[in-house]
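Protein chains: 2
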Amino acid sequence: MIKITRPTLLLDETIARRNIKSMAAKARQHNVELIPHFKTHQSKRIGGWFREQGVSAITVSSVAMAGYFADDGWQKITIAFPLNILEIKKIAELAAKVELTVLITAPEQVRALQEHVEVFVKVLIEIDTGDHRSGLPANEPQQIRQLIDLLAGTQHRFKGFYSHFGHTYKAANGREVAAIYHAALQPLTDLRFGFADTHPEIHLGDTPSASLSKDFTGVTALHAGNFVFYDLTQVQIGSCREEDIAVALACPVVGKNSHRQELVIYGGGIHLSKESLPDRETGKHSYGKIVLLTGDHWSGALPGCYVRSLSQEHGIVQVTPDVLAQITPGDVIGILPVHACMTADTMAGYRNFKGEKLDHFNACRWPAG
Amino acid sequence: MIKITRPTLLLDETIARRNIKSMAAKARQHNVELIPHFKTHQSKRIGGWFREQGVSAITVSSVAMAGYFADDGWQKITIAFPLNILEIKKIAELAAKVELTVLITAPEQVRALQEHVEVFVKVLIEIDTGDHRSGLPANEPQQIRQLIDLLAGTQHRFKGFYSHFGHTYKAANGREVAAIYHAALQPLTDLRFGFADTHPEIHLGDTPSASLSKDFTGVTALHAGNFVFYDLTQVQIGSCREEDIAVALACPVVGKNSHRQELVIYGGGIHLSKESLPDRETGKHSYGKIVLLTGDHWSGALPGCYVRSLSQEHGIVQVTPDVLAQITPGDVIGILPVHACMTADTMAGYRNFKGEKLDHFNACRWPAG
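Chains as they are written, first to last, in our numbering: chain G, 1 to 369; chain S, 1 to 369.
To be clear, the hints were calculated from the coordinates, so they are not data collected in a lab.
Incorrect hints may have been included.
Just so you know, same-sequence chains aren't split out, so a pair can sit in one copy or run between any two.
[Unchecked claim] With a straight-line Cα cutoff of 27 Å, these simulated DSSO-like cross-link-like pairs (lysine-lysine) come out:
{"hint": "1", "residue 1": "K284", "residue 2": "K89"}
{"hint": "2", "residue 1": "K26", "residue 2": "K284"}
{"hint": "3", "residue 1": "K97", "residue 2": "K76"}
{"hint": "4", "residue 1": "K89", "residue 2": "K357"}
{"hint": "5", "residue 1": "K97", "residue 2": "K170"}
{"hint": "6", "residue 1": "K284", "residue 2": "K97"}
{"hint": "7", "residue 1": "K97", "residue 2": "K26"}
{"hint": "8", "residue 1": "K26", "residue 2": "K89"}
{"hint": "9", "residue 1": "K214", "residue 2": "K354"}
{"hint": "10", "residue 1": "K214", "residue 2": "K44"}
{"hint": "11", "residue 1": "K354", "residue 2": "K89"}
{"hint": "12", "residue 1": "K170", "residue 2": "K354"}
{"hint": "13", "residue 1": "K89", "residue 2": "K3"}
{"hint": "14", "residue 1": "K122", "residue 2": "K354"}
{"hint": "15", "residue 1": "K90", "residue 2": "K3"}
From a predicted model like this one, the values you see are computed outputs, not experimental measurements.
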């Protein structure tokens, strides 16, 4: 049993490796490329497990994160974030080292690439297919044509369309995910035909579609990332089972309130992040479910127990009378996260059951220039 | 004008110093000790500005953070977090170096102190006066007496009661804060008389009460911390004016959606944190307000503009047609945070308008043992 004294993000390697293997196999079976998003784990060590499954191209969410993985020998990197003109010099340096793919939506971005990035990069135009976060509307072919034409006059190459079906994360079940997936894929299929002269590729970003869809016709590549760990949000959507969650935050118990059947834990918003979801089992707003640590894994989620609230370093856990009777200050409990990407990012490091530490990129916290 | 290329937490030193000076003056005027909570800024450099105002005792939220400030020469430190029995050895090491005050609510904590901490520490019993986060209920004098009696048989010393009036953060205005303050202070006053034989001190934790109350009768010390930066939550409560907010997150603009009058910014949940509030001006759920950077400060919040949603690294900013027309990808805008403590923690570093970097404690992200 590894010794826990402070909030510690436990990683079950067996589960993470199984999730990776399963998604890699699915991609092969459907003849679609897996270009996994590394913003979830942000770890060179975990990246190696993807390599073992034949993955050679990866996705990141920032220029700095691209640099982190380039240093680890990754040669094909997609920065799946709108090109940040202010970092164009760093992008140019990176393009000289690796085979870089970037996302754009505006003429200013094409001009920055043309003026400052000598080595050619591949360019995906981001399309908004209903998520309403980022991307050009799919029904504005003139704007899209303008960007493609602008790119044609540069040293860079238009590669296709990227879309993040982020609205699948709000789906209630697999059927809703399937409906969103097909509705969002349609305009991309239309673009593929409308711009057939450019032979555009189609790149998708979300984990629910990648996990649940059984038909990737017309899709070139999947950039999903969350599936490496999964989390309670994905369980609720139906993308995975609770047993597929590969990370749990170990938290010391520091107090107990018998009146309200609550535990106070050392583990707050700076550890779990403040992501929450309306939990279906309890009907309450939850920041995580509770598990018991078993030395080399953890138990199933304890029924009726959940993280009721989080402040900076405190967590308040609602428990049942049975659980309350079992636990005292000085014990350690585990929390299954609502959103594993955010929890991994705030914790910036993992520990496996052998007690080893695994790296997590953290440089973005300290602006470089 | 300092060069921004990535999300950067700007700190206006003049405002932070003014906030510190003003709270220190208020405490002196009311004859109450200011033991400021350093979990908000977590910075040695900013800690120095408190020293200049005569502050000699400080508050932190973790043992590791106590170590960080002990290394900087702070000799009187309160860890305002329920004593974590699993860190008792580190607490013992710390107690040998500085004058330590700890918080307890359970007999197990007293026993851990007795067995493992040789040097005497001062002990505050945490009382729940309505916030329902942590603390013994004020109306359970038997439990409190039991702890005091247990402590009397140890090398440690019962010092008094600590209560965090966290429910003031949900107050709609200053009048509500005053009502909560007086309602929550009453049971502490009762305890002070009930346990008069022990001459208990009364310690309070929240910023709204410290900012708004004009009567600290019976109060020994204020442990507020947020006031150094303030934020939109405190503006909405009435603890400060918008002009008192000392930090803004500078974010590159990376996209623009004219249809929905939105900007896409490089600045997400890993930068601002996912704290939100229902904004009174717009009636919408907001993750921050928008300001324009002016080189040595920032503008007032732009009316009708706010951060509508955050994902891991993206922020979506709702703007007015006027603002939309002024801003293009490659520009930088500022975000006033909803909760400055959380934003400072996720960013883990500041930059002032001279371009200097200021430290922020960050070790809690990487469990030590």
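At most 27 Å between C-alpha atoms: does K89 with K357 qualify within a copy, between copies, both, or neither?
Between copies only: 22 Å across chains, 33 Å inside a chain, cut-off 27 Å.
27 Å Cα cut-off: does K284 pair with K97 within a copy, between copies, both or neither?
Classified as neither: same-chain Cα gap 49 Å, cross-chain 45 Å, threshold 27 Å.
At most 27 Å between alpha carbons: which applies to K26 and K284, within, between, both or neither?
Close neither inside one copy (35 Å) nor across copies (41 Å); limit 27 Å.
Check K214 against K44 for me: Cα-Cα at most 27 Å, and say if that holds within a copy, between copies, both or neither.
neither (30 Å within a copy, 55 Å between copies)
Pop the pair K26 and K89 into one bin, within, between, both or neither, using alpha-carbon distances up to 27 Å.
Classified as neither: same-chain Cα gap 38 Å, cross-chain 49 Å, threshold 27 Å.
Have a look at K97 and K170 and pick one of within, between, both or neither, based on CA distance no larger than 27 Å.
neither (38 Å within a copy, 51 Å between copies)
Give the relationship of K97 and K76 under a CA distance limit of 27 Å: within one copy only, between copies only, both, or neither.
within (10 Å within a copy, 51 Å between copies)
Is the C-alpha distance from K214 to K354 at most 27 Å within one copy, between copies, in both cases, or in neither?
For K214 and K354, the Cα distance exceeds 27 Å both inside one copy (37 Å) and across copies (55 Å).
Treating 27 Å as the Cα threshold, decide for K90 and K3: within, between, both or neither.
between (41 Å within a copy, 14 Å between copies)
Check K89 against K3 for me: Cα-Cα at most 27 Å, and say if that holds within a copy, between copies, both or neither.
Answer is between; shortest inter-copy Cα gap is 13 Å, intra-copy 45 Å.
With identical chains treated as interchangeable, where does the CA-CA distance between K284 and K89 reach 27 Å or less: within a copy, between copies, both, or neither?
neither (48 Å within a copy, 38 Å between copies)
Tell me, please, which holds for K170 and K354 at an alpha-carbon limit of 27 Å: within, between, both or neither?
neither (36 Å within a copy, 44 Å between copies)
Comparing the model with each numbered hint stated earlier shows that hints 1, 2, 5, 6, 7, 8, 9, 10, 12, 14 do not hold.
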